[in-house]
Amino acid sequence: MPDFLQNLLTNYYETAAVILFGIGFTTLLMHRNLIKKIVGLNFMDSAVYLFLASKGYIAGRLAPIITDGDSDPSKYVNPIPTGLVLTGIVVSVSVTAFLLALTCRLYDRFHTLDIDEITHLARKERD
Amino acid sequence: MTLFDGILLAFLIICAISVSVTRNLLASIIIYMSFSLIMSVLWLTLEAPDLAITEAAVGAGVTSLLFFATLKKIHAIKAEDAKSGEDESDEE
Amino acid sequence: MRNDGAFARLVRFVEDGTFQEESFTLSPAEKAALDTDTPENRWLTSVQHSEKPVGARLMSWFADKGFDLFNNLYRIASVFICVTLIGVLLTVVSFLPAFGSADNPAVNEVVERYVSRSIEETGTTNAVAGMISAYRGFDTLGEAHVLFVAACSVIILLRVDPSERKHGRLLNPDLLGEDLDFEPNTDLILRKAAKLLVPLSFIFGLYVILNGTSSPGGGFSGGALMGAGLILSSTAFGFKRTERFFGDEMYHVVKTACLTVYALLMAYFIFMGANGFEDHVWLGVPGGIVSGGLILPINAAVGFEVACTMYCFYALFRKGGL
Amino acid sequence: MELVQNFPFLTIVFSLTCGVFCAVLKARTAKRLCLCWLTLTTVMSLAVLVYTMRTNGYYVYRMGKWNAPWGNEIRVGILEALMASVFSGVMLLSLLGGMHHIFADCEPEKANLYFTMCSLLMSSLFALIYTNDLFTAYVFVEINTIASCALVMLKSSARTLVATTRYLIMSLLGSGLFLLGIVTLYGITGELLMESIAEKVREIFASGAYSLPLTVIIGLFSVGLAVKSALFPFHSWLPDAHGNATASSSAILSGLVLKGYIIVLIKIFYRVFGLDVIVAKQVSQFLFLFGVCAMIFGSVGAIRERDLKRMLAYSSVAQVGYIYVGIGLHSRLGMVAACVQIIAHAITKPMLFIAAGGFIDVSGGHKSMSALTGAGRRDPLGGVAFTVGALSMIGIPFFAGFVTKLHLTQGALESGAATMTVALAAIAVSTLLNALYYVPVIFNIFSGRESGEYKGLRVRWRADYAFSLVCFIALNIGFGSFSRIVVGVIRRGLELFGM
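Residue numbers (this note's numbering), protein chains in the order written: chain A, 1 to 127; chain B, 1 to 92; chain C, 1 to 322; chain D, 1 to 499.
Just so you know, these hints were derived from the structure itself, not from any lab. No experiment lies behind these values; they were computed from the predicted model shown. We put the CB at the ideal spot given by N, CA and C, even for glycine. Any given hint could turn out to be false.
[Stated by the list, open to error] Every beta carbon over 10 Å from chain C, so not counted as near; a handful from chain B, in silico:
#1 10
#2 11
#3 14
#4 31
#5 66
[Claimed, not checked] To spell it out: a stretch of chain C is covered by chain B in this simulated footprint if at least three of its residues, at any positions, have a beta carbon under 8 Å from a beta carbon of chain B; those stretches are:
#6 220-230
#7 281-293
#8 314-321
Next up, chain A with everything else stripped away, as it sits in the complex (with noise of 0.2 Å):
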């Protein structure tokens, strides 16, 4: 158990991003209002990047930009979790954008946000 602690102690970054994917997670799953499951969602990507981008990390060196042409590698942290999270931000805002129109249409449409009575509702309409 000691160790168990002292590995989370060590990978604290780590620990902190998968308590953020846990939550992030729930809010998704448990929360009936959309503008908190979007938050959610946004949460759980956050997590995840985090949790890559900290794979990157080694510590001591400086960001993947090479200064005065010295490309000793010793010198620099792992650039491709960078690059990878980078696109997954973007992917993240493409998403979001998309949730959030889709909660725009459904409030304009039934005057809640709560999924649970939306899908009670367009269930008693007709097509």
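Position chains B, C and D against the provided structure of chain A, taking the given hints into account.
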């Protein structure tokens, strides 16, 4: 583990929990904005300046703006709130 | 926000008397929560099954007590799931290689090559830019199209036909709300600040795009900055002013041109590379603005696409069109 | 390098560009562009299939100047080329068959975006089929998700909006878990390329380190992709989304999109982790079990439905169960059955949905069974197509569905006693249940007791609709009668796949 990182990470978790429990939608979006800002500082401490710029512009800027625009549309906030919200987010 | 959601559902379900799967259980996790074998849940599941015949009798009982109980159960279940998920993932984390150490498995020959040969192979001093636009350029092509497909989806959802908008004959007035009365903005502080910030954000965005090969940034971040500038200008000076130089036509032209140029450049690059031909691209001076060969035009294309997409999102949300 | 080897890459990249162009063209022009391009991709994929069959091998196509661990790459083998050809062809036929519905259901200003979404979806499906890199898979999974949600909501109604929202939220949950899986795997192996990861995973597995993380990662991948492909406990979003969309969308989503994710899962299982790890971690048993549940509960759900399209959607849940049972048998025969089922379902379900669209046309837009009485008399071609599809789903010999059941039974007979019993029982029960809901529909649509309202109605002759249905019928019967050829190709493809 530096104290600074620890505080920032703890702040992230507090933000996430408080969004989950708060009842005010506007408040949760503002919390989300501050979450994004802290995140962009964290990218800097992780030596990823590219991400810091993108997160500040996209996460704290455009995404939050879209949230505000949505809230405005669904009449969750008054016009004044919307304006002030947009002001803040554009400063980044 | 709506506290009565869970209860309303229960009442509905009792009233209807039929167990409609989707109306009652929505998410698998919810189901999973009910499936977990705690005493309370066992009770709840048994109630679910026995409810059909004695619905009316139970309803009054639920009206008294069911509300609190169900809500509490829901909370308990959600916290339970959250804790389990976090627990499992934390255990995984405790097995992972140590954070920040130089000998974790992610640091391998691929990383070494990205850093050490970035200048000679891609002409960029920013290894991240070299990696996302040249080494793994295909991913980034996909990423640009994710943004495009999201923009199209938002257009499908929120766009209102411009002719209807102009003549005030709105199909669905709710779609616009009073947003149109909301501009131009007369807030003095906002306008003064915007006068200063709009040019600044444009210049900074351009700088970030052009210097993406040698300093942090690139197409996406620079584009988002420029998009934020456009949004700020339309908030402060009204949409009319932005419409003068950036309307519907302009948006489509810019977006199509940027994405096509990007795809063609990438296709040329990949085709030449894969077939082993010389691609005759001058890599430029590492560290300068003209560096990175195709990365600079790609960054510019992506930057403008992102900028106008971001503005398009905002305009669609505010007034249902560009 | 020969020209034909460039085709997979060209189909992926130019499908994206085709989508971009469709977004600015008028709907009619966009339709022509999209259809032409899909025809071309079908031909190109077939050419690749012929090429790989002739060379009897696979080749790796690097996406750029750099070889694999540095750059992206795609891997083209017989199985991939076969899937690409089938998917592309089915996409083309589904679009053709539901064309008039697309123009009727979408707002006229936005109909061109339907073709944008189809092109992008096709591109992402190609990429998912060919990709050799996990992160590329993630990016294209996202395109796939958004585009398929857009296809649902292009028919603008309250129900589709709600269905889209729930579909999107569930899909994004799946994506989140999938991405977390990729990231954790990257954390312990440091690679994103499938072959390199496979090497590292073998080392790790042999050394016994990271035992728990590996299990959790496999779990994350499985759950994430199972949510997206609507495996049994996660299928709640599917009937709404597939049942309310326009005919072509339902056809494409049921026939192709679900399969795209399953192909990714198969790749991850067999190319990244390898059979040993999967068997040791007991994941396949779970998939097998859930697959069996899906076969039963999907059919039960379909029996309860009175709405034809929702019934077909529930039937998709059951059919996805067959694929997972095939994967869960974790034997070569099981995998052959899974691949056969992917193809058989991809050519059968779109036909059913498009025929259903035709019935709805001649029944005043109603979808319930009672309104559809006698629809097969009013739309004879649709009636024939629906009958063929239904018989195939039940598993009558000489139709596509029979081939699946045959191979699944063979696979089950080869496995252990318990698995065999469960699988055989499930196949028998599911066949019975399928018959229970498809046969009444067949009787219903050919019944003479039409309600007076629609009695005189006759279907308008539409060349695209007829062409699509005739092609589907021919494909179905062809596949059912000459399955030996296709199964042979699948076997050869699976050999190259590392099975």
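Outcome of the hint check:
With a least beta-carbon separation of about 15 Å from chain C, residue 10 of chain B lies farther than 10 Å from that chain, consistent with its non-interface assignment. In this structure residue 11 of chain B is separated from chain C by more than 10 Å, as the shortest Cβ-Cβ distance comes to about 18 Å. Distance to chain C confirms residue 14 of chain B as a non-interface residue, since its nearest Cβ pair spans about 15 Å, more than 10 Å. Non-interface call for residue 31 of chain B relative to chain C: holds, since the shortest CB-CB distance, roughly 15 Å, exceeds 10 Å.
Not every CB of chain C is more than 10 Å from the CB of residue 66 of chain B (nearest about 6 Å), against its label as outside the interface. Interface restraint, the segment 220-230 of chain C with chain B: holds (6 residues with C-beta to C-beta distance below 8 Å; minimum three). Check on the segment 281-293 of chain C: 0 of its residues sit with their Cβ under 8 Å from a Cβ of chain B, so the three-residue criterion for coverage is violated. By the rule of at least three residues with a Cβ nearer than 8 Å to a Cβ of chain B, the coverage given for the segment 314-321 of chain C holds, with 3 such residues.
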